[in-house]
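Once you've looked at the hints, dock chain B against the given chain A.
Chains as they are written, first to last, in this note's numbering: chain A, 1 to 115; chain B, 1 to 114.
No wet-lab data here; the hints were simulated from the structure.
The C-beta atom is built at its ideal place from N, Cα and C for all residues, glycine as well.
One or more hints might be untrue.
Unchecked claim - From the derived model, a few chain B residues whose C-beta atoms are all more than 12 Å from chain A: (1) GLU16; (2) VAL19; (3) SER26; (4) ASN41; (5) THR72; (6) HIS75; (7) SER84; (8) PRO114.
As the list claims (entries may be wrong) - Below, simulated BS3-like cross-link-like pairs (lysine-lysine); rule was C-alpha separation at most 30 Å, straight line: (9) A:LYS62 - A:LYS11; (10) A:LYS83 - B:LYS101; (11) A:LYS11 - B:LYS69; (12) A:LYS62 - B:LYS69; (13) B:LYS58 - A:LYS71; (14) A:LYS83 - A:LYS15.
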Amino acid sequence: EAGVAQSPRYKIIEKRQSVAFWCNPISGHATLYWYQQILGQGPKLLIQFQNNGVVDDSQLPKDRFSAERLKGVDSTLKIQPAKLEDSAVYLCASSHGRDSQETQYFGPGTRLLVL
Amino acid sequence: AQSVTQLDSQVPVFEEAPVELRCNYSSSVSVYLFWYVQYPNQGLQLLLKYLSGSTLVKGINGFEAEFNKSQTSFHLRKPSVHISDTAEYFCAVTLSGGYNKLIFGAGTRLAVHP
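Bound-form chain A, shown alone (with noise of 0.2 Å):
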């Protein structure tokens, strides 16, 4: 079974430029995560979808930030401008369904330095 996938890999802006990242989910997995690791940190939260709906947006700094999963499978993250303090790992992850105990699978992530 192919695991999450993200591009790009890595990737290296200016502030104020805008940046997009993609993931493809695990085929049949109905929900999908965002997460934002910044260095020293654990993952936090930053938008959940249930097929092509938002289940939870609360940590998602919506003035700079945007996601969609337009046909329920891929997603994008978009940030647009970016600001120094931007700078971390995208993961993306996703799990079958949307209950608390299900597992979590996630991407190899998309790490972002922004100068």
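Structure of chain B alone, referenced to chain A:
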């Protein structure tokens, strides 16, 4: 609100020695507990999880963890570590009966030396 505290940011240990990584949580409601491992430049991989039943949970790669409700702890142990166990380890919780929102600790870096 729920929170997770990993008491050690770094744990150095010699190969074949035992190790314990400590995790405490705070929650006013029941939680499920998870340990994930992150190897360099990779995503997180589930080691084990506690949902209910026996408080001693066995996971992959020889790891185990014990849920202690009175101490609100979920410490991870391995009786004999290998060089390949060098990684970052994260403890996390979700609310039982809630939706699947993982709340992570800050992580413990395990460094296994020959």
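Going through the hints against the structure:
no., hint, result
1, GLU16, "29 Å, holds"
2, VAL19, "19 Å, holds"
3, SER26, "15 Å, holds"
4, ASN41, "7 Å, violated"
5, THR72, "18 Å, holds"
6, HIS75, "17 Å, holds"
7, SER84, "18 Å, holds"
8, PRO114, "26 Å, holds"
9, A:LYS62 - A:LYS11, "21 Å, holds"
10, A:LYS83 - B:LYS101, "26 Å, holds"
11, A:LYS11 - B:LYS69, "43 Å, violated"
12, A:LYS62 - B:LYS69, "37 Å, violated"
13, B:LYS58 - A:LYS71, "38 Å, violated"
14, A:LYS83 - A:LYS15, "5 Å, holds"
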